[in-house]
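*Asks:* For chain A, the structure is supplied; the task is to place chain B with the ligands on it using the hints.
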Amino acid sequence: MLPIEVSQLRKNYGDLKAVDGISFTVKEGEVFGLLGPNGAGKTTTIEIMEGLRERDGGDVKVLGLDPWKKGYELHKKIGVIPQEFTFFEKTTPREAIIYYADLFNIKVDPDQILKDVLLEESTKTYFDELSGGQKRKTGLALSLVNSPELLFLDEPTTGLDPNARRAIWEVIRNLKAKGKTIILTTHYLDEAQQLSDRVAIMDHGHIVAMGTTSEIIQKHGSGERLTIQGTQKLADYIKTNTELQVDYDKTRGEIVIPLQKKIDALAGLAAAEQSGLEWGQIQTRQDSLDDVFVKLVSEPAGEQGEMAVEQKPKKKGLF
Amino acid sequence: MVSAKRIYSDFKVYSRGYLRNKFGLFFGLIFPVILIMIFGAIFSGGGSGTINVYAQNQDAGLEVSGQVLNYSTQYLEAINFTGTLKVITVDNSLNFTEYMSKNSIENGLIVPEDFTASYVMHQPVNVTVYTNPSGSTGGTVLGIVGAINNQFNLGAFNGTTIISTTQETVGAQESYIDFLVPGLIGFAILVNPMFSLVEISSIYKKNKLFKQLSLTPLTKMEWLIAKILWYIVLSSASFLLMAAVGIALFGANITLTVWLIPFLFLGPMLFASLGMLVGTITNLLRLPGVIGNAVTFPMMFLSGTFFPIAFMPEYLQTFAHVLPLFYVVEGLNNVMVYQNYMGAAVDLAVIGVITLVIFVLAVKLFKWRED
Ligand SMILES: Nc1ncnc2c1ncn2[C@@H]1O[C@H](COP(=O)(O)OP(=O)(O)O)[C@@H](O)[C@H]1O
Ligand SMILES: [Mg+2]
Chain A
32 MLPIEVSQLR KNYGDLKAVD GISFTVKEGE VFGLLGPNGA GKTTTIEIME GLRERDGGDV
92 KVLGLDPWKK GYELHKKIGV IPQEFTFFEK TTPREAIIYY ADLFNIKVDP DQILKDVLLE
152 ESTKTYFDEL SGGQKRKTGL ALSLVNSPEL LFLDEPTTGL DPNARRAIWE VIRNLKAKGK
212 TIILTTHYLD EAQQLSDRVA IMDHGHIVAM GTTSEIIQKH GSGERLTIQG TQKLADYIKT
272 NTELQVDYDK TRGEIVIPLQ KKIDALAGLA AAEQSGLEWG QIQTRQDSLD DVFVKLVSEP
332 AGEQGEMAVE QKPKKKGLF
Chain B
3 MVSAKRIYSD FKVYSRGYLR NKFGLFFGLI FPVILIMIFG AIFSGGGSGT INVYAQNQDA
63 GLEVSGQVLN YSTQYLEAIN FTGTLKVITV DNSLNFTEYM SKNSIENGLI VPEDFTASYV
123 MHQPVNVTVY TNPSGSTGGT VLGIVGAINN QFNLGAFNGT TIISTTQETV GAQESYIDFL
183 VPGLIGFAIL VNPMFSLVEI SSIYKKNKLF KQLSLTPLTK MEWLIAKILW YIVLSSASFL
243 LMAAVGIALF GANITLTVWL IPFLFLGPML FASLGMLVGT ITNLLRLPGV IGNAVTFPMM
303 FLSGTFFPIA FMPEYLQTFA HVLPLFYVVE GLNNVMVYQN YMGAAVDLAV IGVITLVIFV
363 LAVKLFKWRE D
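Chains as they are written, first to last, in the numbering used here: chain A, 32 to 350; chain B, 3 to 373.
Just so you know, the hints here were simulated from the structure itself, not pulled from any lab data.
No residue lacks a Cβ here, since even glycine has one placed at the ideal position from N, Cα and C.
Among the hints, a few may not be true.
Said to hold, decoys possible - Covered by chain A, per the in silico footprint, the following chain B stretches (three or more residues, Cβ under 8 Å): (1) 205 to 213; (2) 216 to 224.
As the list claims (entries may be wrong) - Over 12 Å on every C-beta distance to chain A, these chain B residues come out as not near it, computed from the model: (3) 11; (4) 31; (5) 52; (6) 69; (7) 94; (8) 122; (9) 264; (10) 292; (11) 295; (12) 303; (13) 309; (14) 363.
Said to hold, decoys possible - Here are the simulated lysine-lysine pairs, DSBU-like style, with alpha carbons at most 35 Å apart: (15) 210(B) to 108(A); (16) 369(B) to 104(B); (17) 211(A) to 92(A); (18) 213(B) to 14(B); (19) 208(B) to 48(A); (20) 107(A) to 48(A); (21) 146(A) to 58(A); (22) 58(A) to 270(A); (23) 222(B) to 92(A); (24) 366(B) to 138(A); (25) 121(A) to 213(B); (26) 155(A) to 14(B); (27) 210(B) to 7(B); (28) 14(B) to 211(A); (29) 155(A) to 207(B); (30) 369(B) to 7(B); (31) 222(B) to 211(A).
Isolated chain A, as found in the complex:
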């Protein structure tokens, strides 16, 4: 039995098809990332799996249970951080953990859990005085109280500063190392790439691509290509003097040569040298996940800034 089996899941809000027939499964011990812009339907999907929302159609089994009908039973076995996690204002993280342990009727070592989520330093601070990162960590701590094997994290780092994000990533990696199955939603490409074994890219209620990031890039990205900074004249020269396909990007002043074989790059560069014309920077590059993402996701969320990537697209020098 797989921890999660979703098939043809649908959810409408009035006329809006928030989730429109998606299917996927998650294996035990896997970190599965739902990646998509705001409004893609990630929260709706994850909350249906958590048993917090009712679905309109399709089949969902979480740990073999129907999450809506068997919610009370399921909730004892899973850990959840809802999007924008909040808690009772005047309660410290430590008290919150003890509260949850009492409710689940189990004995826990609150200090160990606080240590697991890197929150030892602020155990006596009330929730409303914690920093954004500490609040999320409190959420993580609470989701761990019942020692679940399956965790759902809805946008665990959205709105946090880079250091706080990295700290949460570290906690998530530790959880993965302990063999927990984790479903994670995010609109950060780097987060999906860094943490997930497999990613499903969601847009307008559909899954537009799914697999490991390299599988997605291979399937949906264009292949490797050589770019040379130069003039249209140089592009024409290379085109007439080689067998290669040569495109010219006017706005960037860049000659783009898709490479069938890596050795094609040599022919292109030899022709450029031969031409006696000026040429500048050269590089080969491949589509990164964000190139693919931009290609696949029709309207990136309205606010382009939201799709922030922390790393620059990977560049590979040729020489």
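*Replies:* What follows is chain B with the ligands alone, placed relative to chain A:
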């Protein structure tokens, strides 16, 4: 099914949060006491200014050779003339003692039917003065009425005592502060749980705390019971404070018995549930948040909290009978002021039924999760 342990842990977290919030604590505990002090100071202002004396003039007068003599009018005018007492006449058709107790009047005076006849014929006659032993004005009233009697006796008959005073006490319940204590306890029983749960039902939904809680084994009924228990504790503390201040500062004459306990249990349960129900319906129908106030405010003022409902026009008195708080305040008055335990039992029965219905509705209607 219902787990006492889970209720207790939720109670613990909630009460701790409540106590750490200075603002909530002020409104929950201190504010009603301040109200008692303010109203008590305003209305039990002893001695200064004129004292109202409600008088019923039953005197029939005396017809002498075609002319009607009426000494009682002169008598009452003489009392009024002192400037210290102000005579307010009460219609003869009313039952005077009933009227006094219903309107919590401290001082009253009855001039008997044969007043003029006796006065003319030199027969002894008694006027009846009603005073409230727990009030501060009774002595002044008796003294002045006695002085006027002497004046009348002296002036007309060289000192023979004709008019004298029969002194009656009206039940100790007649003082305003005695009504104020149960009324404001009712106010506290209403306001704290009601406002808090209306607010909680919208805030917890907005910031997804209900969803968060639904992920634990806590049930929504256990959660609501924990809130009710807290408001029982808070209302009881508030009750003790207010009763203490009422007695110590204003000499309130109130009875404290075990009969109060069921009111201190059912009251907060009723209004915590009602707050949850109103909040839930507001969310469900996407109504504006002021709906909670629209339910709370009329109840707050028209249930006999700040003044006996007998002071209100007839139609408002009728309306008061549909307000659940009316039965709480009436019940508290029955216990604390009148020692009318039969009446209190009836009030309790009414409150019990309303509470049960509203509690069940609240638990049924409000949802942890959304569909
Ligand atoms: N409770 C709701 N009622 C109506 N519309 C909703 C509700 N929740 C989400 N939506 C809409 O459904 C779409 C998907 O939302 P959501 O699942 O929250 O996306 P994401 O988590 O990917 O940002 C959005 O257009 C959102 O406005
Ligand atoms: Mg979301």
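*Asks:* None of the hints should be skipped; say for each whether it holds.
*Replies:* We went through each hint and held it up to the structure:
Figure legend: the stretch 205 to 213 of chain B, annotated as covered by chain A; annotation consistent (4 residues with Cβ-Cβ distances under 8 Å, at least 3 required). Counting residues of the stretch 216 to 224 of chain B whose CB lies closer than 8 Å to any CB of chain A gives 5, so the stated coverage by that chain holds, three being the minimum. Listed as outside the interface, residue 11(B) is inconsistent with that label: its C-beta sits roughly 4 Å from the nearest C-beta of chain A, within the 12 Å cut-off. Taking the minimum C-beta to C-beta distance to chain A, about 16 Å, the non-interface status of residue 31(B) holds against the 12 Å cut.
Under the 12 Å C-beta cut-off, the non-interface status given to residue 52(B) relative to chain A holds; the minimum distance is some 52 Å. The claim that residue 69(B) is not at the interface with chain A holds, since no C-beta of that chain comes within 12 Å of its own (minimum 82 Å). The non-interface label for residue 94(B) is consistent with chain A: the shortest C-beta to C-beta separation is roughly 63 Å, beyond 12 Å. Against chain A, the non-interface label of residue 122(B) holds: every CB pair exceeds 12 Å, the least being about 79 Å.
With 12 Å as the threshold on Cβ separation, the claim that residue 264(B) sits away from chain A holds: the shortest Cβ distance comes to roughly 30 Å. Residue-level check passed: residue 292(B) sits 24 Å from the nearest beta carbon of chain A, beyond 12 Å. With a least CB separation of 23 Å from chain A, residue 295(B) remains clear of the 12 Å interface cut-off, as annotated. Listed as a non-interface residue, residue 303(B) keeps its Cβ farther than 12 Å from every Cβ of chain A; the least gap is roughly 31 Å.
Here residue 309(B) stays apart from chain A, with its beta-carbon at least about 37 Å from theirs, past the 12 Å limit. Taking the minimum C-beta to C-beta distance to chain A, about 22 Å, the non-interface status of residue 363(B) holds against the 12 Å cut. This hinted pair checks out: residue 210(B) and residue 108(A) have alpha carbons roughly 20 Å apart, not beyond 35 Å. Simply put, residue 369(B) and residue 104(B) have alpha-carbon atoms about 46 Å apart, too far for the 35 Å limit, and the pair is violated.
Taking the CA atoms of residue 211(A) and residue 92(A), the gap is near 18 Å; set against the 35 Å cutoff, the hint holds. Restraint check for residue 213(B) and residue 14(B): satisfied, since their Cα atoms lie roughly 20 Å apart, inside the 35 Å limit. For the given pair, residue 208(B) sits about 23 Å from residue 48(A) by alpha-carbon distance, which is consistent with the 35 Å threshold. The hinted pair formed by residue 107(A) and residue 48(A) meets the criterion: a straight-line CA distance of about 30 Å does not exceed 35 Å.
A threshold of 35 Å between alpha carbons decides the hint, and for residue 146(A) with residue 58(A) the separation of about 28 Å falls inside it, so the pair holds. Restraint check: the Cα-Cα separation between residue 58(A) and residue 270(A) comes to about 49 Å, which exceeds 35 Å; the hinted pair is violated. Under the criterion of a C-alpha separation no larger than 35 Å, the hint pairing residue 222(B) with residue 92(A) is consistent with the structure, at around 25 Å. Distance restraint check for residue 366(B) and residue 138(A): the Cα-Cα separation of roughly 32 Å lies within the 35 Å cut-off, and the hinted pair is therefore satisfied.
Restraint check: the Cα-Cα separation between residue 121(A) and residue 213(B) comes to about 19 Å, which is no more than 35 Å; the hinted pair holds. Only pairs whose Cα atoms come within 35 Å are accepted, and residue 155(A) paired with residue 14(B) is accepted, the gap being roughly 17 Å. With a C-alpha separation of about 24 Å, the suggested pair residue 210(B) and residue 7(B) falls inside the 35 Å cut-off, and the hint holds. A hinted pair counts as satisfied when its Cα atoms are at most 35 Å apart, and residue 14(B) with residue 211(A) qualifies at roughly 32 Å.
Under the criterion of a C-alpha separation no larger than 35 Å, the hint pairing residue 155(A) with residue 207(B) is consistent with the structure, at around 27 Å. Between residue 369(B) and residue 7(B) the alpha-carbon distance is near 22 Å, which keeps this suggested pair within the 35 Å criterion. In summary, the hint linking residue 222(B) to residue 211(A) is supported, as the alpha carbons are separated by about 30 Å, within the 35 Å threshold.
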